[in-house]
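Protein chains: 2
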Amino acid sequence: MSTRGDTFSRRGLLAAAAAVPILAGPSWAGAVRAQGDPLPSWNDRAPKRAILDFVGRVSREGGPDFVLPARRVAVFDNDGTLWAEQPIYFQVAFALDRVKALAPEHPDWKEAQPFKGIVEGDLKAVAASGERGLLQVMAATHAGMTTEAFNATVADWLRTARHPRFNRPYDSLVYQPMLELLAYLRASGFKTFIVSGGGVEFMRVFAERTYGIPPEQVVGSSGVTKFEMGPDGTPALVKEAKVAFIDDGPGKPSGIDRFIGRQPILAFGNSDGDQQMLEWTAAGAGPRFLGLVHHTDAEREFAYDRQSHVGRLNQALDEAGRRGWTVVDMRQDWKQVFPPAPRSER
Amino acid sequence: MSTRGDTFSRRGLLAAAAAVPILAGPSWAGAVRAQGDPLPSWNDRAPKRAILDFVGRVSREGGPDFVLPARRVAVFDNDGTLWAEQPIYFQVAFALDRVKALAPEHPDWKEAQPFKGIVEGDLKAVAASGERGLLQVMAATHAGMTTEAFNATVADWLRTARHPRFNRPYDSLVYQPMLELLAYLRASGFKTFIVSGGGVEFMRVFAERTYGIPPEQVVGSSGVTKFEMGPDGTPALVKEAKVAFIDDGPGKPSGIDRFIGRQPILAFGNSDGDQQMLEWTAAGAGPRFLGLVHHTDAEREFAYDRQSHVGRLNQALDEAGRRGWTVVDMRQDWKQVFPPAPRSER
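Chains as they are written, first to last, in full-length UniProt numbering: chain A, 1 to 346; chain B, 1 to 346.
One chain only, chain A, in its complex shape (with noise of 0.2 Å):
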């Protein structure tokens, strides 16, 4: 459990602690779709051209690289990747608003940490309680529940949260130019697949419709369940507090390998947790791409990488330099980062 607990560390209930400053709103640049460009969102620089190249050539069908389409898997890191992961992960944000929500049920946690500190809002205290105090978190907030239940939780603090910093819901801090890509990919012939550190029933929830990836094609993080038969016949998973499988770091090889059975022919992440994926990607023959997100812009997002507690980006920036594999830099890359905000959110 030691080694497993680092993940979650890692995954950042500590980096509440360090969460920056709220800054003021974005800045979306318009979104202009130019006519038959896939990434409309993407300057022309290299990584656009990179991508355009490669696409082309694995679908050109006869030419030196074609790939099978039944081969062409894509996969994606989520936190960081598809989506924004500071000041914290989402998924903490989720579960530490779930403490709040379930204190009252609990007059038990008014003087035990890290349930006290999550309440009052001392984040001093939280991270004071390590590893152990996040895992009670998780096992109160993910676990004792039914996977129906735990669904609809998800499902309903979608519809109530808003992001700090942004005032919107989390599952609209998605990259636009990274909408484009999947799309794009699919439109080549490729699936599109999620391995992600995450949990695998958080990101489903949300997946399908905000991704247009099937809950069969998300790979993540996920806990044991108990099939239980009830007294009516009717049966239920019950979720455990037990970690069955971390898909982060060498584990997102094993998760590729386990869930998909087949290795990719491209892979994007944004962070050191995925530097093995896009390794594991990356050897064999044929044609590759290898992508990394990298955080510069603290105007219309954040900027971070070798020192951030969250997402952090160090081994496999440098990996990134002497493998070739392309780094997208989000300041100058990226038109825009998220989708301008529906009638409902303004």
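Worth flagging that the hints you see were computed from the coordinates, not collected in a lab. Careful, some of the hints might be misleading.
[Stated by the list, open to error] With a straight-line Cα cutoff of 30 Å, these simulated DSBU-like cross-link-like pairs (lysine-lysine) come out: (1) A:K226 - B:K226; (2) A:K124 - A:K110; (3) B:K116 - A:K226; (4) A:K100 - A:K110; (5) A:K242 - B:K110; (6) B:K191 - A:K191; (7) B:K116 - A:K191; (8) A:K242 - B:K124; (9) B:K124 - A:K226.
Use these hints to put chain B onto chain A, whose structure you have.
Only chain B this time, still in chain A's reference frame:
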């Protein structure tokens, strides 16, 4: 490990000791494909009519039972449902053959059970080594190598090994009526999955070419893999002798939840290990189809149910009666069992 090992022992090394006598060759009915009949190898009886009725209802747009294509998830057990499983599970036959092939490299096996018994054909000694022996066999034949090397070994075995009774490659002993059902479902907008207690990597070697089911739609039991970076910067996944997940019995609903993330609307199995998968599929609103293959055909295939060591069908058969599931009587419902042998096999 002890409860997990139980699955492997049910899965049949012990059954090797109880192997039925080898009977005469098969006697296929000729494959006459009726014009426009999607299930030509099925006799016109209740199970066929129930399948046609169900598929018609869920795919009739505007009808009361219409189901969106994205939700038309169909799950199939493999051993005994899509291909044969007697006299021993085919993956166990593979493991035994591997022990024989590897024996020259392992002089220590000459005196150690169960290896000695396997090499000498002393199945009583093999059975006497029990669960511990079986785990040793699985570790020796399914671990300590890269995933790539394992896949190559399975592919080679499928090319060269022959079933003791039918003298045909194991992957030709698939059920023609079920191949027709898989194709019919896919043509009707279903996504077809395997959900099997067998090893996921073992099945993926042949599932795509044999059943038209791609690797990412195969759910099964799995071992732990470890990501290792070679000195030349080429990574590999090494299979370890640790069980990660047993996809059998109550594990099947958990496997469906973890790997697919949707509740199926059609499930087909053949043994008690499939009962919870069918119960889970039956739960929830909307039309459902639940089917069991009942092995009643000693002449063309095998006849076994409540007492069998391999693929026991006892409690689930009672449950089928109580819940009104469709039970396919192989002898009466299927015009032909296996596809005709291709020229190369004759």
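Here is how each hint holds up against the structure:
no.	hint	verdict
1	A:K226 - B:K226	26 Å, holds
2	A:K124 - A:K110	16 Å, holds
3	B:K116 - A:K226	39 Å, violated
4	A:K100 - A:K110	11 Å, holds
5	A:K242 - B:K110	42 Å, violated
6	B:K191 - A:K191	14 Å, holds
7	B:K116 - A:K191	47 Å, violated
8	A:K242 - B:K124	40 Å, violated
9	B:K124 - A:K226	36 Å, violated
In this structure, the hints that do not hold are numbers 3, 5, 7, 8 and 9, in rising order.
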